Amino acid sequence: MLFGIDVGGTHTDAVLIDREVGIRAYVKIPTDPDDLLGSIRQAISEILSQEKGVEIERFNLSTTLCTNAIVQDLLEPVGVIVSAGPGIDPHKFSIGNYYEVIPGGLDHRGTEIQPLDISYANRVISNLLDYGVKVFSVVSKFSPRNPVHEEKIAELIREKADFVTLGHKLSGQLNFPRRIATAYYNSAVWPIFDKFLDSVKRCLEEFKLSPQLNILKADGGTMPYNTAKRIPVESIFSGPAASVMGIFSLCDITEDAIVLDVGGTTTDIGVFAAGVPLIEPENVRLKERPTLVRAMKVKSIGLGGDSAVRVNGDKIEIGPKRLGPCMAKGGDIPAFLDALNCISDEIYGDRDASFKGMHKINESLRCPLEETPMKIVEQGCKILKKEVSEFIDEINERPIYTIHELLEFRKIEPKKIYLMGGPANILKKFIEKEFGLPVIVPEYFGVANAIGAAIARPTMQAELFADTEKKIMTIPVLGIKENISKHYNLKVAREDIRKYMSTYIRENLGWDIDLSELEIIFESSMNMVKDVFTVGQDIRVKCQVKPGICKDYENVVRCVCNR
Amino acid sequence: MQQVKNKLGVVFFPAFDWAISPTHPERQERLLYTMDQLKEEGVFDIPGIKEYKPELASRHEIEKVHFCFPDVLSNITDSHLISAGGCIKAGKLVMEKKEDKAFALVRPPGHHAMKVVHGGRGFCNINIEAIMIEYLREKYGIKKVAIVDTDCHHGDGSQDIYWHDPDTLYISIHQDGRTLYPGTGFTSEIGGPKAKGKTINIPLPPHTSDEGFLYAMENVVLPILQDFAPDLVVNSAGQDNHFSDPITNMNFSAQGYAKLTEMLKPDLVVLEGGYSIQGALPYVNLGIVLALAGLDYSYVKEPDYDPKKFQMDKRTMDYIKRICETARKNYFSPPQSDITLEKDGNWIVRNKEIFYDTSYIVERQREYLLDCENCRGILKIETSSSRVKNCLAIEAPLNCCEKCLNIAYMEYEKAKEKGYSHIQFIDRVNKKVFREKVK
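Protein chains in written order, with this note's numbering: chain A, 14 to 576; chain B, 57 to 495.
One should not assume that every hint holds.
Stated by the list, open to error - The list that follows gives simulated cross-link-like pairs (lysine-lysine, BS3-like), each with its CA atoms no further than 25 angstroms apart:
| no. | chain 1 | residue 1 | chain 2 | residue 2 |
| --- | --- | --- | --- | --- |
| 1 | A | K555 | B | K154 |
| 2 | A | K543 | B | K357 |
| 3 | A | K483 | B | K199 |
| 4 | A | K312 | B | K315 |
| 5 | B | K357 | A | K399 |
| 6 | A | K559 | B | K95 |
| 7 | A | K494 | B | K95 |
| 8 | B | K95 | A | K312 |
| 9 | A | K424 | B | K106 |
| 10 | A | K105 | B | K357 |
| 11 | A | K105 | B | K315 |
| 12 | B | K106 | A | K105 |
| 13 | A | K424 | B | K109 |
| 14 | A | K543 | B | K95 |
| 15 | A | K300 | B | K61 |
| 16 | B | K106 | A | K312 |
| 17 | B | K95 | A | K310 |
| 18 | A | K300 | B | K63 |
| 19 | B | K357 | A | K483 |
| 20 | B | K365 | A | K543 |
| 21 | B | K357 | A | K310 |
| 22 | A | K300 | B | K95 |
| 23 | A | K424 | B | K154 |
| 24 | B | K95 | A | K105 |
| 25 | B | K63 | A | K105 |
| 26 | B | K385 | A | K300 |
| 27 | B | K154 | A | K398 |
Unchecked claim - Chain A regions said to be covered by chain B (calculated; three or more residues, Cβ under 8 angstroms):
| no. | region |
| --- | --- |
| 28 | 91 to 101 |
| 29 | 184 to 198 |
| 30 | 344 to 352 |
| 31 | 411 to 417 |
| 32 | 534 to 540 |
The hints are simulated quantities; they were obtained by calculation from the structure and are not laboratory data. Computed from a predicted structure; not experimentally measured. Virtual Cβ for every residue (Gly too), placed ideally from N, Cα, C.
Generate the whole structure from the sequences, applying the supplied hints.
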């Protein structure tokens, strides 16, 4: 059986899924932001009280712990040690209170152009240790091409520090400032996350459970306990990914589609391209700093149930701010949900208060009172439509680098909308009208996030880089560095990356992956020419395991929502 | 966080699947390390710098600039349509005020492509700057444009296209034509009879380094630009003046290129040549991007750069100063006499022989410019090459007078009877292109 739990900002949702009968139990409880573990414990106990004596195979957790720690600045001081070489002044990428630049540099092919100043590095490290710094992040420019400087610096610290993040182990993508920010946050959340994970493990033991413990990542994949302890930063922003994965498992999506998850403060827009959730290798921003964390392509817009409604001239404006709860829930300012409440068959909270809100809005609007809520809802749908089409345009504008891609470019054109969130059922017909597309509100959408967490499986991306002039092949995130012959080619590179990734996934992520799931998403092999002679090949292969759901559970959760 | 002074759009199209031949300088690998450097520096994450993808230029955009024989398609590949389209995209970004400046970091280049095209010359088939400029003129109504060509090779194609156009100022700084392809670009080349002083050549001696280039910028280019007061400044940013370039002999540096860009303040920058793909391009392109955006570029240095190695001696500097003085005079008081001027009735005539080194084609031209009092005059070119013989080209330029336009149509009708193998007639006034293939 699978246990999925999404500890969100307001609610904690949990679900228990059986391989034979599907969803066995689910709960939705308020999250106690000061005691996430308490919320988890409560959710487990409520589920177990519904279903006694169950055997749980996998316990998949999506948590806001790291996101909150970052937002609230509950971060461990990190010693960030970088080496750069020529380019943009590395001091411009400074992050945290202990940022140090060590002389030394590599060029774009990973060739050392300035040796690392080891004695300077030693001085810096002993100073930082004197200040009481316990965790470190080490990043060098072009380390995915050659990790030698990161490794050398790490060697100097390893024995003396509690935890060290190496930049090249996070991603093989080139982006020095992002690597710095990602490595910084990884170390900064490590102590709090590490402690939390151990207490979740103890908590499961208290319930006499010993499942495999997995953490949900922002790209909709899972990582096991051991990996999560090494790269906690990957656990950020897993909430929206959980929802998209939920829809993905509930509905049989085969074409371009969008997911709208209408929450209290925001609506999250997710995108499916030919039935596959769209992920972005570099998406997540933390405190304005872009990172290398792979994430679902999700856009949050400031339009949710509690978004304030006001009239400006003769125009209705909704959001992007939330000025307290909606009036139905005791707020003072009419909100989007109040309008929905007035036209819905289902009554939400204090409906009279919602009507009062409509009166208030109607004062400055020249239209009959009874039309006011409708007008507001229609305006809300207009905003959603505009935001969705801007988002799709932006995705379709992504840069491409080959003639083939430019001529063969396939634009994303959504054919269906999957709608979820509290007011989904009321909004359905309005969204349908505004977008002119079929709208589907899946069954169980209220706990889709927990279902998504439960049924998600590992994801991964790795980059292989081979230089047959230097006779070196590397896969940075796997820490692989091999000598190759000058005859090494793209075909062997493809085989190599598949081989190394599947071994890693089997041994470290506990999943026996089918080779067909390892998808080559980029490959190139170019002649390197010196004077007029070809001296070697520059070979690059990028391979991913895209987000997916456990095949043996697919049929039992799939609802008949595609009608 | 770095703060840009100018919002910058970069149209980046490295054409990773296109080469002239596997080991040719213009090959797949050319912008590979530039891409790596720009990505590793996180350039496109800097707020105010945005990456765009190119559009495809249409055949019409090419046909209204070039006379292509036997036709457009046999002279180009998809890659040319994309690099020209990339420039158009960059131009649109600036004209529509989406960005303050734009950089078309595209390949293949274009500045050796002349008005008439029979094949490829100097790695170029169509002139991507000219196609962009004429697109912008037609769409946004701009008139005066300055092209400052900082490629190491003389941009003989751009010079040829704008030779008779008084509204386009073409300034080229390059390695002396006596020592490098294409062997032209001397100070005596100053534009056609109706556009004297609107072509300015600054041929610099081999081994010129930052000091010499920046001297020419400050003492020739900037004062001329200030006087010409163009609506748009385009920089043909070849990067082969670099000290590590394998096919040239200059000593310019990434710092020098960035400084030049900062001084020039171009609206649009188009990549031209530059074939030191590992040692120069990653740093020069980064320097140009940062300088355009108004960011600090002081740490952008080639690993092997040592300014002491490239100091210029006084004798060479004195020579450069003399060249610069001549170039300045060519603009502010161009010599009026022209000993090569040949007339045939009302037509001013020029004979040209052109070699297409990339395609290995020889072309012979006889060019006629109608001497009109009211406008710059229509252009008629009889051209034959080792590939296509006996072609005729007629152009009625933008803003040409009614009388000339009528003559152009009459010439076109007359030509149909004369047994040319191909005729192309460009009517810029009515935005029409006619093609006639007589067999």
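Hints versus structure:
For the hint pairing K555/A with K154/B, the CA-to-CA distance comes to about 33 angstroms; that exceeds 25 angstroms, so the pair is violated. Between K543/A and K357/B the alpha-carbon distance is near 22 angstroms, which keeps this suggested pair within the 25 angstroms criterion. Taking the CA atoms of K483/A and K199/B, the gap is near 53 angstroms; set against the 25 angstroms cutoff, the hint is violated. Using a Cα cut-off of 25 angstroms, the hinted pair K312/A and K315/B is violated, with the two alpha carbons roughly 40 angstroms apart.
Of the pairs offered as hints, the one joining K357/B and K399/A is violated, with about 45 angstroms between alpha carbons and a cut-off of 25 angstroms exceeded. This hinted pair checks out: K559/A and K95/B have alpha carbons roughly 23 angstroms apart, not beyond 25 angstroms. As the CA atoms of K494/A and K95/B are separated by approximately 22 angstroms, the hinted pair is consistent with the 25 angstroms bound. Annotation: proposed proximity of K95/B to K312/A holds, straight-line Cα distance about 23 angstroms (limit 25 angstroms).
Using a Cα cut-off of 25 angstroms, the hinted pair K424/A and K106/B holds, with the two alpha carbons roughly 20 angstroms apart. Among the hinted pairs, K105/A with K357/B is consistent with the structure: their alpha-carbon atoms are about 17 angstroms apart, no more than 25 angstroms. Simply put, K105/A and K315/B have alpha-carbon atoms about 20 angstroms apart, close enough for the 25 angstroms limit, and the pair holds. Annotation: proposed proximity of K106/B to K105/A holds, straight-line Cα distance about 19 angstroms (limit 25 angstroms).
Using a Cα cut-off of 25 angstroms, the hinted pair K424/A and K109/B holds, with the two alpha carbons roughly 14 angstroms apart. Distance restraint check for K543/A and K95/B: the Cα-Cα separation of roughly 24 angstroms lies within the 25 angstroms cut-off, and the hinted pair is therefore satisfied. With a CA separation close to 23 angstroms, the supplied pair K300/A and K61/B stays within the 25 angstroms bound. Restraint check for K106/B and K312/A: satisfied, since their Cα atoms lie roughly 19 angstroms apart, inside the 25 angstroms limit.
Of the pairs offered as hints, the one joining K95/B and K310/A holds, with about 20 angstroms between alpha carbons and a cut-off of 25 angstroms not exceeded. Between K300/A and K63/B the alpha-carbon distance is near 22 angstroms, which keeps this suggested pair within the 25 angstroms criterion. Restraint check for K357/B and K483/A: satisfied, since their Cα atoms lie roughly 24 angstroms apart, inside the 25 angstroms limit. Distance check on the hinted pair: K365/B and K543/A sit about 23 angstroms apart at the alpha-carbon level, within 25 angstroms; holds.
This hinted pair does not check out: K357/B and K310/A have alpha carbons roughly 37 angstroms apart, beyond 25 angstroms. Distance check on the hinted pair: K300/A and K95/B sit about 21 angstroms apart at the alpha-carbon level, within 25 angstroms; holds. Under the criterion of a C-alpha separation no larger than 25 angstroms, the hint pairing K424/A with K154/B is consistent with the structure, at around 23 angstroms. The suggested pairing of K95/B with K105/A holds, with an alpha-carbon distance near 16 angstroms, which does not exceed 25 angstroms.
Restraint check for K63/B and K105/A: satisfied, since their Cα atoms lie roughly 19 angstroms apart, inside the 25 angstroms limit. At most 25 angstroms may separate the alpha-carbon atoms for a hinted pair to count; K385/B and K300/A exceed this at roughly 56 angstroms. With a C-alpha separation of about 23 angstroms, the suggested pair K154/B and K398/A falls inside the 25 angstroms cut-off, and the hint holds. With 4 residues bearing a CB less than 8 angstroms from a CB of chain B, the region 91 to 101 of chain A meets the requirement of three and the coverage assertion stands.
As drawn, the region 184 to 198 of chain A meets chain B at 6 residues by the rule of a beta-carbon pair under 8 angstroms; at three or more, the given contact holds. With 0 residues carrying a beta carbon less than 8 angstroms from a beta carbon of chain B, the region 344 to 352 of chain A misses the three-residue requirement, and the given coverage is violated. Counting residues of the region 411 to 417 of chain A whose beta-carbon sits less than 8 angstroms from any beta-carbon of chain B gives 7, enough to reach three: the coverage restraint holds. Counting residues of the region 534 to 540 of chain A whose CB lies closer than 8 angstroms to any CB of chain B gives 3, so the stated coverage by that chain holds, three being the minimum.
The structure fails hints 1, 3, 4, 5, 21, 26 and 30 (numbered hints given earlier, in ascending order).
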